[in-house]
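**Student:** One line per chain: the protein sequences are F, U and H, in this order.
The working numbering numbers the first residue of the first sequence as 1 and each following residue consecutively.
The working numbering numbers the first residue of the second sequence as 1 and each following residue consecutively.
The working numbering numbers the first residue of the third sequence as 1 and each following residue consecutively.
Hints are not guaranteed to be accurate.
If you want the footprint, here are the derived chain F segments under chain H, 3+ residues with CB under 8 Å [stated by the list, open to error]:
(1) 177–186
(2) 191–204
Derived DMTMM-like pairs: lysine to aspartate or glutamate, alpha-carbon spacing no greater than 20 Å straight-line [as the list claims (entries may be wrong)]:
(3) H:K179 to H:D218
(4) H:K221 to H:D195
(5) H:K3 to H:D204
(6) H:K222 to H:D204
(7) F:K197 to H:D76
(8) U:K72 to U:D195
(9) F:K197 to F:E184
(10) F:K197 to H:E73
(11) F:K197 to H:D218
In case anyone wonders, no lab produced these hints; they're calculated from the structure.
The beta carbon of each residue, even a glycine, is placed where N, CA and C say it ideally should be.
Now for the letters of each chain:
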Amino acid sequence: MRLSLNSRISAITALLPALLVMLVVYIGATGWTVWMSLTNSRMLPNNNFVGLRQYEMLFGNDRWITSVHNIVIYGVLFVSLALSIGFLLAVAIDQRVRAEDTIRSIYLYPYSMSFVVTGLVWQWLLNPTLGIQHVLRSWGFEGATFDWIVRPETAIYCLVIAGVWQASGLVMAIMLAGLRGVDEEIWKATRVDGLPKWRVYVSIIIPMMGASFATAAVLLSTGVVRLYDLSVAMTNGGPGIASEVPAKFVMDHLFERANIGLATAAATTMLITVIAVVAPYFYWRTRKGEMR
Amino acid sequence: MTAAAQPLPAARRSKRMTPARWGLYAFIFITALYFLLPLYVMVVTSLKPMAEIRQGNLLALPVAPSIDAWVKAWTSACTGLTCQGIKIGFLNSLRILVPSVVISILVGSLTGYALSLWRVRGGNILFGTMMVVAFIPYQVFIYPLVRVFSFTGLGQSLLTIVIIHTIFGLPTMTLLFRNYFASLPVELFKAARVDGAGFYQIYARIMMPMATPMIVVAVILQTTGIWNDFILGLVFAGRDNLPMTVQLNNIVNSTQGERAYNVDMAATLLTALLPLVVYFGSGRWFVRGIAAGAVKG
Amino acid sequence: MQKSNVDIRSLQIGFGGLKVLENLNLNVEASEFLVLLGPSGCGKSTLLNAIAGLIDVRGGEIHIGGRDVTWAEPKDRGIAMVFQSYALYPRMSVRRNMSFGLSVAGTPRDEIERRVGEAARMLQLNSLLDRRPSELSGGQRQRVAIGRALVRHAGVYLFDEPLSNLDAQLRAELRVEIKRLHARLGATMIYVTHDQIEALTLADRIAVMQGGVIQQLDTPKKIYREPVNRFVASFVGSPAMNFIPGRIARDGETGFIAGANRLGLNGYAFRGLPTDAPAVLGIRPEHIELTASDDPSAVSARVEMVEPMGADTLIWCRLADNTAFSFRHDADAQVCVGDTLNVRFPAEALSLFDEISGQRL
């Protein structure tokens, strides 16, 4: 259809804000951040090119190494636990249970709450003096210990517990949509074939749900890289630097430690990681789109 | 058939409650408890006096429920140096929320409309880029944006944070509306064109009225998203406009001396209240919002 | 291969307060091809699913091959089933789709291979065995689904509208293939469809259903020639049967009076004694004959529309009293709109229905 000149101009002006945001904010800002990571900027940005010096310093920095170490632990555990718990919850709900809507609401409501709220609640629950440990001991399990949040080697697992609690409902919602999309006649066919239910899920349903798993996994993993609020609210990186995460490293070095070069090097590293996760996903989606 | 000779199971007229069903309901019950536990603990803790919290059990119901902690959290809890309660944060969050939601939906729907129905050259590239950058963590953009805003003189202000929320809401909002408009029958658009309607007329008179369900979804998505934001508010809103989440964290985590867990939990619940109301009030719409926002690209 | 009969005794099925089937009886002989025919919502699929054990019944009994299977699991009933949406397992190859059920059931591997090979040969699937369902056309998918049913070596094969998702040409092809398969295997088959052509071409017997009740259970020929009520008469046959309202008159020789026309009913086999009463005359378009104007039984009609249909022509006419009907004539007919024709309604080809109950008289 031929567009009149007027409408064509209108359409282009309507897209100007988006274009501006893309160019200035996303591409421009990203470019500047990458550039700053190659300079020795401290308090204020400068243009003294120092090559990859900041990256050398970054990967010699204990706090950064701890952060990376933590985010790997968190990422692997959080994604795999949230995926499997979310899937199991969806399967349970899909068995035509009673009060389905209520149950689904209960599983999903944590996702409506902020990471700050999530972090503070779990900080309180995991508090060794008055929290769950205290409850267990008052029930007669005298030797019960659940003080992960104050022990450096386990603090990161507390973030996992809280994160999984918050995000499993999201996975459940995505998976349930996928399960509900399975043709009713496939289920009938499996019953005629006499397949046990677990076998149907393992051999037929899960392979069919590739797209749901990929969507959920990508969504969860981008959440992993962004992890900041939860760490700030729940442990503030502590005890010591035991539960520091990369996003927090960037923020602290930008706004408190005035080390812009190092912070932007860390941010650029995060950027590369995200691209490494997202690019294959988009490639896969586009290829799938072309095959149809 | 090999099964021909085998005896068949006796009549089981009701297959409602087999052992497997019992197991299923047990699983659902236990997991539901896990998800509800924090909410329950928040509520009971906020209703107990400190003495009871120190001596009693985390899970026990309050012996003498009182809303003192709620009053204190609302009016006089200390966020750093000032002690005016979380109501300041609540009002700040509202002032940030309303314009941010309205403007981000306007810009997003207009962009989505232009990208779905009007074949603008380069539109697909713009959209594709938008979907990719939506995954990039804020830390990558934050410092340059701070510099840009201080250069333009806006600095940290209400206007800044509203613009920031519009910017970072743009990819999701665009996606939402683009996909919705693309799912409408294209004949509708063609008929309007034949009737001589222009770009903005079609947008305002035909498309937006039809997009009511998407607007509801967008409002839910943006309201919970912006209300729950921490990092953007912290960096861009400025000292006088800090949103509720930031104030809450200050109340809980920068307390000097003994911590008042009941006040902390009351403040936490107050902060979670709006998203919870939106969530429980909107029912399936919330799920729809997640589904629509989740399928990036 | 075992061939089972299916015996359904006073079957009741309902969902909540809704009764879908009530006191339904049906006996399918071993090796018979029975078609359940009816409009959507008539209960035919429900009945088939109940035979398969995919839905619970409220009362009555289902016997397959002499065993009471009313409460047996689908896999223990000696049945196999083919679905409308094919219901193939999407991430498995054709071979795996056919063998998966058997291997889970612990059938020895060489036996599985033998059966899959046999089914593949019968359905010309040999070259497709390693493909995924998404790489197959609709017709190929449905052949795979039939293959998956065949390897079960079941006593009864159930088909739930298997051709409805296919286009007209493929439907005709696969219809022939299914008929050939039945001739070759001699297996008991129960086939659900809403397409009367499929029913007429495939069935040994057809059960026409409406409102959860079997209206007529008979051979295709009987169903076509002697429908027991107006529903069956109007549902089966295309172009549809003509219905002309009027009354039965017993003044001397029994006749049918419609407006100014009187039709002698000599040669019509009444079921009971005819009485003077309002009635509806039904006649299929191909049974109306052209005749000369001096034929005493001739009725004159004006041509309103001519629809050439290739092999023959459908001519729409109107009687003097405004009753419309259509009749079939060979394609060479030189008939124009506005012509007046003399036609004859042969009594032996008629159907007469009670005006109120719709039952055949």
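**Student:** A separate judgement is required for each hint: does it hold in the structure or not?
**Tutor:** Comparing the hints with the structure gives:
1. 177–186: Since 3 is at least three, the answer is holds.
2. 191–204: holds (count 9)
3. H:K179 to H:D218: Holds - the C-alpha atoms of D218 (chain H) and K179 (chain H) are around 18 Å apart, at most 20 Å.
4. H:K221 to H:D195: Answer holds: K221 (chain H) to D195 (chain H) is near 16 Å, not above 20 Å.
5. H:K3 to H:D204: holds, 15 Å
6. H:K222 to H:D204: holds, 11 Å
7. F:K197 to H:D76: This hinted pair holds, its Cα atoms lying about 16 Å apart.
8. U:K72 to U:D195: Measuring from Cα to Cα gives roughly 61 Å; hence the hint is violated.
9. F:K197 to F:E184: Given that 20 Å is the threshold and the Cα spacing comes to 14 Å, the pair holds.
10. F:K197 to H:E73: holds, 13 Å
11. F:K197 to H:D218: Measuring from Cα to Cα gives roughly 40 Å; hence the hint is violated.
Consistency note: the structure conflicts with the earlier hints numbered 8 and 11.
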